[in-house]
Amino acid sequence: MLARAIPGCEGLEQTGPDEYRMKMKMALASLSGAFEGKVKITDQSPPSSFRLLVEGSSKIGFVKGEGLLKLTPSGEGTEVAYEGDAQIGGTMAAIGQRLIDGTSKMMIKKFFEKLAAESAS
Amino acid sequence: MATTIIQTEKLVGKRIRRREDPRLITGTATYVDDMQMPGMHHAAIVRSPHAAAKIRSISIKAAAEAPGVVAVFTGKDTEKVGPVPCGASLPGLRVPHHYILAIDRVYLVGHPVAVVVATDRYLARDAADLVEVDWEVLPAVADPEKAIAPGAPPVHPQWPDNVAFVYNQEGGDVDKAFAEAEVIVKQRITSQRLIPSAMETRGVLAEWRGADRQMTLYTSTQVPHLVRTLVAGMLGLEENRMRVVAPEVGGGFGSKLNIYPEEALMGFVSMKIGKPVKWIESRRENFLCTIHGRGHVDYFEVAAKKDGTILGIKLKLIQDQGAYHQLLGPAIPTLSVLMMPGLYRTKNIRAEVIGVFTNCTPTDAYRGAGRPEATHGIERMVDILADELGIDPAEIRLKNFVHNEEFPFPTATGLTYDSGDYAAPLQKAMGIVDYTKLRAEQAAARKQGKLMGIGICTYGEICGFGPSPATPAGGWECGTVRVEPSGKVTLLTGSCHHGQGEETTFAQLAADELGVDIDDILVLRGDTAIVPYGIGTFGSRATAIGGTALYYAMQDLKVKMKKFGAIMLDSHDVSYANGQVVCNKMGKSVSFKEIAAASYRAMKLPPNTEPGLVSTHFWEPPNFTFGFGAHIAVTEIDPETGQITVRRYLAVDDCGNIINPLIVDGQVHGGVAQGMGQALWEQAVYDDNGQLVTGEYTDYTMPRAHMMPWIESQHTTTPSPVNPLGVKGVGEAGTIGASPSLVNSVVDALSHLGVRHIDMPLTPEKIWKLVAGGKN
Amino acid sequence: MIPQTFEYTAPKTLDEAMALLASGGKPLAGGMSLIPMMKLRLATPEHLVDLGRIKDLDYIREAAGELHIGATTTHYSVESSALVRGKCPLLSAAAGAIGDPQIRNVGTMGGSVAHADPAADYPAALQALEAKIVIRGAKGERTVSAADFFVDAFTTSLESGEVVREVVVPVEQAGTGTSYLKMPQPASGFAIVGVAVRVQRSGGKITLARIGVTGLSNIGYRAWAAEKALEGSAGSADDITKAAALVAQGIDANSDLHASADYRRHLASVYAARAITAAASKA
Chain A
1 MLARAIPGCE GLEQTGPDEY RMKMKMALAS LSGAFEGKVK ITDQSPPSSF
51 RLLVEGSSKI GFVKGEGLLK LTPSGEGTEV AYEGDAQIGG TMAAIGQRLI
101 DGTSKMMIKK FFEKLAAESA S
Chain B
1 MATTIIQTEK LVGKRIRRRE DPRLITGTAT YVDDMQMPGM HHAAIVRSPH
51 AAAKIRSISI KAAAEAPGVV AVFTGKDTEK VGPVPCGASL PGLRVPHHYI
101 LAIDRVYLVG HPVAVVVATD RYLARDAADL VEVDWEVLPA VADPEKAIAP
151 GAPPVHPQWP DNVAFVYNQE GGDVDKAFAE AEVIVKQRIT SQRLIPSAME
201 TRGVLAEWRG ADRQMTLYTS TQVPHLVRTL VAGMLGLEEN RMRVVAPEVG
251 GGFGSKLNIY PEEALMGFVS MKIGKPVKWI ESRRENFLCT IHGRGHVDYF
301 EVAAKKDGTI LGIKLKLIQD QGAYHQLLGP AIPTLSVLMM PGLYRTKNIR
351 AEVIGVFTNC TPTDAYRGAG RPEATHGIER MVDILADELG IDPAEIRLKN
401 FVHNEEFPFP TATGLTYDSG DYAAPLQKAM GIVDYTKLRA EQAAARKQGK
451 LMGIGICTYG EICGFGPSPA TPAGGWECGT VRVEPSGKVT LLTGSCHHGQ
501 GEETTFAQLA ADELGVDIDD ILVLRGDTAI VPYGIGTFGS RATAIGGTAL
551 YYAMQDLKVK MKKFGAIMLD SHDVSYANGQ VVCNKMGKSV SFKEIAAASY
601 RAMKLPPNTE PGLVSTHFWE PPNFTFGFGA HIAVTEIDPE TGQITVRRYL
651 AVDDCGNIIN PLIVDGQVHG GVAQGMGQAL WEQAVYDDNG QLVTGEYTDY
701 TMPRAHMMPW IESQHTTTPS PVNPLGVKGV GEAGTIGASP SLVNSVVDAL
751 SHLGVRHIDM PLTPEKIWKL VAGGKN
Chain C
1 MIPQTFEYTA PKTLDEAMAL LASGGKPLAG GMSLIPMMKL RLATPEHLVD
51 LGRIKDLDYI REAAGELHIG ATTTHYSVES SALVRGKCPL LSAAAGAIGD
101 PQIRNVGTMG GSVAHADPAA DYPAALQALE AKIVIRGAKG ERTVSAADFF
151 VDAFTTSLES GEVVREVVVP VEQAGTGTSY LKMPQPASGF AIVGVAVRVQ
201 RSGGKITLAR IGVTGLSNIG YRAWAAEKAL EGSAGSADDI TKAAALVAQG
251 IDANSDLHAS ADYRRHLASV YAARAITAAA SKA
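Which chain is which? The protein sequence lines are A, B and C, in order.
The numbers in our numbering rise by one with no breaks, and the one at position 15 of the first sequence is 15.
The numbers in our numbering rise by one with no breaks, and the one at position 530 of the second sequence is 530.
The numbers in our numbering rise by one with no breaks, and the one at position 137 of the third sequence is 137.
Please keep in mind that the hints were generated in silico from the structure rather than gathered at the bench.
Each hint should be verified, as a subset may be incorrect.
As the list claims (entries may be wrong) - Pulled from the structure, derived: some chain C residues nowhere near chain A, Cβ distances all over 10 Å:
#1 ASP56
#2 TYR76
#3 SER236
What the hints assert, rightly or not - Mimicking DSS-like on lysine-lysine, the simulated pairs with C-alpha atoms at most 27 Å apart in a straight line are:
#4 LYS76/B <-> LYS59/A
#5 LYS54/B <-> LYS64/A
#6 LYS105/A <-> LYS26/C
#7 LYS64/A <-> LYS146/B
#8 LYS59/A <-> LYS54/B
#9 LYS39/C <-> LYS64/A
#10 LYS61/B <-> LYS39/C
#11 LYS38/A <-> LYS54/B
#12 LYS26/C <-> LYS110/A
Cβ atoms here follow ideal geometry from the backbone N, Cα and C, with glycine treated the same way.
Let the hints inform the model, and build the full structure from the sequences given.
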């Protein structure tokens with residue numbers, strides 16, 4: 001489910017308890033890159049929260065993201081709140097402030113939309 | 001032989017258009033990247049994406065097998081090449097060994113780790129992507145104050161406190177001054193990191209001819225002779241077997257007053273592969289791998305009497321050195337200390353400089369190199385003091401200036417100001433803008449809720465670097481004047497102009513001095529095989545020192561010409577005037593061309609007469625020169641958005657005698673643009689992990705033509721007694737004067753809201769917050 | 001600054017181009033966004049299909065009360081065209097606010113619109129103009145409204161293999177006033193905030209208000225609440241201030257080095273008030 005929710009994810013391979021190796025293709029506007037990295041889930045306190053760590057690197061730089069996801073039942077669905085931090089390095093760090101904020105917001109939005117869709121199905 | 005004397009028109013002081021401009025503006029100049037050689041190879045450099053990391057391993061196999069690749073080298077191959085040198089020496093200075101390629105650890109983003117050499121630039125770049133580095137990422141620190149706080153990650157593990165050096169300087173009795181003070185003002189003032197942004201990025205072409213055991217290194221530099229001495233040393237090559245050529249150099253601003261790893265690296269590669277090899281820095285590399293400027297956090301304290309008399313100044317200066325010391329890095333903040341008293345009489349100064357390692361690009365000389373930072377600090381402090389005491393900022397300056405009769409004036413920091421009339425440019429500027437009327441207008445504007453500010457900066461500049469004891473590598477300059485058999489004049493200068501216009505100004509000097517047509521004069525520089533050893537162009541020194549060296553060479557040449565003239569005229573009583581040697585008794589003369597031809601033909605020379613017409617002079621200046629001036633900026637602020645409009649910008653500079661007013665205006669305009677860039681727009685911003693987030697021009701705000709106000713340039717003239725030309729220097733004046741006058745102006749506009757200081761750059765958001773919140 | 005190897009084709013007709021795009025080519029128009037990304041190797045297209053040689057994509061025509069602007073028309077053409085200046089001054093103003101003269105002389109309207117940079121100038125104007133985007137794909141053409149075209153940051157309703165063929169904007173009606181105002185990010189020239197306003201006045205009242213905002217969030221959007229507040233009002237200074245205060249309502253504002261979310265939201269109201277005032281004064 002995680003694999004389908006992460007935008008551009010082309011495969012997750014479990015490497016340990018709550019740890020996965022990931023291949024991801026990021027394509028946004030004209031930017032594109034193949035990333036290899038890992039996904040880790042920590043601080044799990046089901047069903048209310050968990051921490052997601054995502055790391056990826058490619059020729060155009062690297063991304064490290066960490067987010068705390070809080071799930072609260074609300075009405076018929078579940079409200080998902082997140083707080084997180086992303087680090088970007090390498091050439092990607094230079095492509096512009098304007099792009100990074102918008103891009104990460106969109107990726108997160110896509111992630112939750114997909115997560116919601118996957119959960120519903 | 002003619003008998004008429006031609007009175008030629010003097011060119012010094014004339015607004016002559018730059019002779020170098022046609023080739024520059026038509027794109028026909030030859031830069032390093034324009035050079036082609038048979039068998040030339042191309043290098044691409046693999047660099048660290050991390051600010052701090054250990055290298056577990058490097059795999060070059062795939063890159064080495066890529067199409068067109070002839071060699072790949074890593075730090076293991078280049079380990080024996082000497083370190084990138086630091087020329088500055090301070091007591092207790094910690095100097096990390098600066099390998100040209102990283103060995104097992106990287107210290108900043110952009111740190112070179114491998115070089116890929118291919119037959120084609122594109123193939124080299126493609127193959128660079130195939131070099132695999134296994135990184136162990138380490139914590140990094142990018143802020144100098146955070147770096148010296150306890151628990152910060154060490155940039156260099158051998159020095160866990162991240163302190164590169166501590167430098168103290170004191171003059172007078174500071175404790176007494178502060179004890180007697182009626183008022184003390186304190187302020188933290190930053191001078192942010194800037195990217196020098198020369199229009200031409202760096203580039204190196206190395207050609208090793210093994211059979212001759214000779215190397216030619218073409219490099220975009222301000223200091224070809226220093227490059228020769230130091231890079232030859234790094235490569236273990238005898239200095240006389242290395243020739244360094246600086247072809248056309250598209251700007252430097254201090255960033256090319258340096259020795260860079262790539263200069264030695266290309267030399268190394270060329271020796272290894274036996275072919276010429278070229279590397280051209282990309283703009284992205286230029287942002288990361290060419291030195292940055294500024295990077296100060298200053299804590300100022302000024303003690304004064306209630307009437308505004310400054311009694312003493314204390315400064316704690318935290319200098320962000322970056323990960324390494326480049327050529328002059330640690331010396332730059334010491335120049336700030338020297339300039340601390342500004343134009344003021346105070347004799348009580350104390351400074352503590354803490355140089356700090358961070359995981360960032362090294363800082364070094366950038367236009368003004370320490371003096372803009374110091375001037376920004378002291379000129380802000382004077383305004384803060386004036387505000388505190390309710391004294392007009394112009395009045396407080398006039399009260400504290402060194403008096404005219406006190407020159408030569410010894411400062412508390414050990415300098416001797418050569419000459420000056422410090423009130424003159426300020427009074428001239430106030431007259432031009434009608435200062436009293438502006439203040440009245442400001443008061444009226446405030447009543448209507450409008451925000452208008454008037455900012456003054458009066459600055460001093462250490463020009464003409466410098467006497468040799470004050471510089472790491474000799475502070476003199478050499479000049480050769482060579483008259484060819486045809487009578488054409490070739491000037492060889494150790495200065496290495498890269499946009500300053502000496503092809504014109506030096507020719508003007510020589511045309512007047514020798515009385516020849518300016519079109520008969522060629523100025524050559526930048527080739528160690530052509531020009532005798534020289535120092536180079538930086539620190540507003542080329543005219544004051546390089547020009548003076550040529551001046552003395554020409555005096556010597558004229559003595560030689562008189563000797564030949566006397567022989568030709570068969571007279572012992574001759575003089576040199578307007579390009580001729582004249583017999584004082586008979587009035588007969590021989591022309592410049594006739595003497596030139598005769599000196600080489602050498603037909604009727606008495607015994608022991610040396611043929612030919614060449615004179616060389618190495619000139620050591622007895623002192624710096626000290627330019628000064630007053631800049632006034634009038635600004636208006638949109639209170640709703642915080643946007644600043646510079647309504648008027650006036651620079652009144654005193655750079656001593658002026659050779660070409662057009663070129664001086666150009667220097668002032670460019671300098672003010674750079675100072676305004678720092679005041680309003682430019683900033684190199686690193687995130688907490690040492691990533692440069694303003695790493696392209698989409699986020700690093702270089703001033704553009706359409707963002708600039710008209711800059712009015714005026715002058716007062718106080719000749720320097722240090723050199724016979726009476727010149728001081730003006731290369732950095734505009735930059736030094738601009739940032740304080742602009743920031744003072746904006747703070748002045750907001751002062752009634754309780755704002756006392758704003759750190760640069762003055763972004764609209766900062767201003768908006770202050771207008772909305774009314775605090776600093 | 002050296003891109004990866006790529007193939008380059010410059011077809012002369014749109015049909016040829018469509019065939020190349022269908023086989024995986026990436027369209028290149030003015031290249032003002034794509035080429036820098038390629039030089040940094042952030043974009044690595046294998047095949048560029050240059051639309052710049054297709055003559056019948058570079059036009060500005062008037063037909064049936066609308067202006068049709070071909071995709072490869074440069075910003076400078078849009079800015080300087082007498083037709084656009086006279087009949088749709090809002091679009092001309094937005095084009096003239098893009099970047100700098102060099103960019104405007106090379107960059108194209110279709111390229112910019114298809115790129116959907118969230119801080120570009122056109123989206124605000126196209127939203128306020130209720131423009132239509134004509135899309136050409138393998139199966140033919142379809143037309144979508146600007147409101148449906150812009151989906152998210154750098155994301156449009158263009159499907160793979162489709163290109164923007166033309167942009168259609170209405171000819172300005174009598175009694176209409178427009179204005180586009182922006183605060184540029186000084187380094188890039190893109191909008192920190194840009195507001196495009198189109199209002200119509202009749203009988204002392206604002207009868208129609210269309211407000212497009214760019215730079216503030218992930219997409220250029222219509223400020224519905226502000227439009228509603230303005231319509232039916234007398235357009236007094238007070239009405240304008242109240243309406244302008246609503247332009248950022250419910251918007252997740254961007255935040256970066258150049259402007260925080262709070263400042264952007266504030267600027268959106270300030271620029272909206274100024275743009276509405278300017279537009280209303282012309283209506």
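(message) Check the hint pairing LYS59/A with LYS54/B against an upper bound of 27 Å on the C-alpha distance.
(response) holds (18 Å)
(request) Quickly compare the C-alpha distance for LYS39/C and LYS64/A to 27 Å and report which way the hint goes. (result) At roughly 24 Å apart (the allowed maximum being 27 Å), LYS64/A and LYS39/C satisfy the hint.
(request) Take a quick look at whether LYS26/C and LYS110/A sit within 27 Å of each other, Cα to Cα. (result) holds (24 Å)
(message) Check the hint pairing LYS64/A with LYS146/B against an upper bound of 27 Å on the C-alpha distance.
(response) holds (22 Å)
(request) Would you mind confirming whether the straight-line C-alpha gap from LYS76/B to LYS59/A stays at or under 27 Å? (result) holds (23 Å)
(request) Grab the minimum beta-carbon distance between SER236/C and chain A and tell me whether it stays above 10 Å. (result) Holds: least Cβ distance 36 Å, greater than 10 Å.
(message) Checking a non-interface call: every C-beta of chain A should be farther than 10 Å from the C-beta of ASP56/C. Is that right?
(response) holds (25 Å)
(request) Would you check the hint for LYS105/A and LYS26/C, treating anything up to 27 Å between C-alpha atoms as holding? (result) holds (25 Å)
(message) For a C-alpha distance cap of 27 Å, please report whether LYS54/B and LYS64/A respect it.
(response) Holds, at roughly 18 Å.
(request) Against chain A, does TYR76/C hold up as non-interface, every C-beta pair farther apart than 10 Å? (result) holds (22 Å)
(message) For LYS38/A and LYS54/B, compute the direct alpha-carbon distance and say whether it is at most 27 Å.
(response) holds (20 Å)
(request) For the pair we were handed, LYS61/B and LYS39/C, check the Cα-Cα distance against 27 Å. (result) Holds: LYS61/B and LYS39/C sit about 25 Å apart, inside 27 Å.
Hint check: no violations occur; every hint is consistent with the structure.
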